[in-house]
Amino acid sequence: MHLDIATIERTIAIVGGIVVAIVSAIALKNDWKTPGMDNQVFKIMLGLLALGAVIAILAGVGVLGNFPTKAA
Amino acid sequence: MAVATLPHGAVYDEHEGVDQLYVETRALRLQGFLLFLVSDCVLFSSFIFAYLYMRNSGQGWPPPGINRLDVAFASLNSVILFGSGATMHYALENWKHNNFGKYALFMISTIILGAMFLSGQAYEYTNLYFKEHVSWSGSGIFGASFFTLTGMHGFHVSVGVVYLIILFLQSIHGVYSKDKYFGLTAGTLYWHFVDVIWVVLFSIFYLI
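One line per chain: the protein sequences are A and B, in this order. Mapping of the first sequence onto the numbering used here: residues 70 to 141, in sequence order. Mapping of the second sequence onto the numbering used here: residues 6 to 213, in sequence order.
The hints are simulated quantities; they were obtained by calculation from the structure and are not laboratory data. Since this is a predicted model, take the numbers as computed values, not measurements. Take the hints with a grain of salt, since some may be wrong.
With a straight-line Cα cutoff of 25 Å, these simulated PhoX-like cross-link-like pairs (lysine-lysine) come out [what the hints assert, rightly or not]:
hint	chain 1	residue 1	chain 2	residue 2
1	A	Lys-102	B	Lys-107
2	B	Lys-107	B	Lys-185
3	A	Lys-102	B	Lys-101
4	B	Lys-183	B	Lys-136
5	B	Lys-101	B	Lys-183
6	B	Lys-185	A	Lys-102
7	B	Lys-107	A	Lys-98
8	B	Lys-185	B	Lys-101
9	B	Lys-183	A	Lys-112
10	A	Lys-98	B	Lys-183
11	A	Lys-102	A	Lys-112
12	A	Lys-112	B	Lys-185
13	A	Lys-112	B	Lys-136
14	B	Lys-183	A	Lys-102
15	A	Lys-112	B	Lys-107
16	B	Lys-101	A	Lys-98
17	A	Lys-98	A	Lys-112
From just these sequences and the hints, can you work out the full model?
What follows is the structure, given as structure tokens:
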């Protein structure tokens, strides 16, 4: 496996993304039944945060944003 | 004991201190802060839709002569910002549960991660400007929209980092208590907001 800067960045992004996605999902689960307008907003934000982490993981593994280096 | 009637039927009881006032006005302050976030959301949306319109009305994207942005580095920087959102959430949770030690740990982590994200963005800007020769005014719609939107977001993150430092100092000096911490709630909402905006910006500039 060729270990260049991009590979290291992608690996850290994947590992970090998995951690953030799991932590956000757990926080969302714990807060699921809490009442109040602020907590409702927090739930939406946590859901979107988990989505962002999943997107970062997919970008890290090359499923998303996998383009050739040079523009056509 | 002096009792004063406030707007919306709220009552300030001198004997009870400001807590009664806090309880009565908290919902109003929350609504005000959420309206501020909605207005900020409108600001970002207008720039994002303008960018998408211009992007789809021209030739290929990015324009000829400009390389694709570095997805690997942007993914890493994004995870740093998303991680700060998670630590901020746990900072507030620990404050609610009267655990100051963990609150301080998560709050400092959030501030450090926010500063790391800004450093990453500065590194990316430097790289784009000096190596790729992409600039705000000299690279057409691509450079203008990229630097305007990410710069505006970076400005929000910078303000957020200063905001969190002030909140942390206030919490050390006893401004907030277990039952009275609206400032921390507002700070958490603001920080989540900049995280969520980055989900959109990361997707439209780096992934599509």
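Original post:
Quick check: which numbered hints come out false for this structure?
Top reply: Numbers 4 and 13 - these are the hints that the structure violates, sorted from lowest upward.
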